[in-house]
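Visitor: Mind docking chain B on chain A? Use the hints.
If you read the protein sequences in the order shown, they are chains A and B. 123 is the number that the working numbering gives to position 89 of the first sequence; each next residue is one higher, with no gaps. 93 is the number that the working numbering gives to position 90 of the second sequence; each next residue is one higher, with no gaps.
Please note that a few of the clues may not be correct.
[Unchecked claim] Quick list of in silico lysine to any residue cross-link-like pairs, SDA-like style, CA-CA up to 20 angstroms:
| id | chain 1 | residue 1 | chain 2 | residue 2 |
| --- | --- | --- | --- | --- |
| 1 | A | Lys122 | B | Ser148 |
| 2 | A | Lys110 | B | Gln138 |
| 3 | A | Lys110 | B | Ser148 |
FYI, nobody ran anything at the bench for these hints, they're computed from the structure. On a predicted model such as this, the values are computed, not experimentally measured, just so you know.
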Amino acid sequence: MLEIIPKTQVQPFLLRSLVLYLGVFFLAFSLIGFFVLQMLASNAQESIAEAEDVLRAGKTSQERKLENTVLGYRNKIQDFSSFVAGQKDAVPFFVFVEEVTHPQVFFREASLTVFENRMVLKGVTTDFRSLGEQAASLEGREELVSWKLSEVSLAKGQVVFTLELLFSSKLFQ
Amino acid sequence: MKKPFLVIGLWVAAVIVLVFWGWPAFQEYSLTNEALGVLSSELESRENYFSELASLNSELQKQEEGLSRLDAALPDTPALPQLYDALQDIAASSGLVLSSVSSVVQEDASLKSIDASVTLEGPYASLKEFLKGVQQSSRLMAVQSLDFATPKEGSRFEFHIKLRAASY
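Chain A with its partners taken away, still in its complex shape (with noise of 0.2 angstroms):
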């Protein structure tokens, strides 16, 4: 049925309400979302002044005192290890002497570098029977790297040499 008189078109009231509410809304959460980042912002750039005031003051008397003592004594107890570790017992090289010398032969003068394990003796014995036991004797020692007999002579009637003994590591374990 056709009407003679149209109505207004009128908005529905819950509509323009909305938007109106909505747009009030938005505008007072973008106000208070810029005031608090600004406050959160404010106050995070009084932590960085405040965390960049005690970097810059750097070590107090106390901290630097404690860092001293405690790495003081780590370089000590390292310096003490390494130096422990390269000490070597000077007794076992005299103690394999005694073991393996011959009755008759006599050292008159040692020599010993302990840190390159090396002994040179300067002996004497009776005839060249007792020099090649005593040679023999070192023969097939694990404690020796190596040995070296030298300079035998016959003086007054006796056998003068020297022998070089060059030690193993093994000795000191």
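Guide: Then chain B, alone, in the frame of chain A:
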């Protein structure tokens, strides 16, 4: 008539606030927060470092005897009179006589080497006691080299020993 303009005005104002104030404020906050994070982690590592040091220090204080031994083994100065005194004591307790002692201090490193030349007199049997005494001494020492010869008369040997000690 006024309401539609009010609504549009509200929305435009909200967008302006969001775009020209809110967004830059958010960016500034993000950057500041990032910088704060970096500084905070630096502060945290610094605090961790010192708390670790403090806990190590308290552990060290419990080992008082060990620390005093360590200080005696590696003193803060060459302390040559104390070193010579220790050598004389070891020699005497081994049955040897310390007839001469001299030393050179190598100062080129943080840990200084003290190369001491020692001459001892006495029987051969005492030499091994002396070497054991050096090894067990509270002052850290190591025998570097040793020379001796059979005495022409009697049984009194002369031992020439080079030792190395250390200090700071």
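Visitor: Would you mind marking each hint as holding or not holding in the structure?
Guide: Hints and how they fare:
no.: 1; hint: Lys122/A to Ser148/B; result: holds (11 angstroms)
no.: 2; hint: Lys110/A to Gln138/B; result: holds (19 angstroms)
no.: 3; hint: Lys110/A to Ser148/B; result: violated (25 angstroms)
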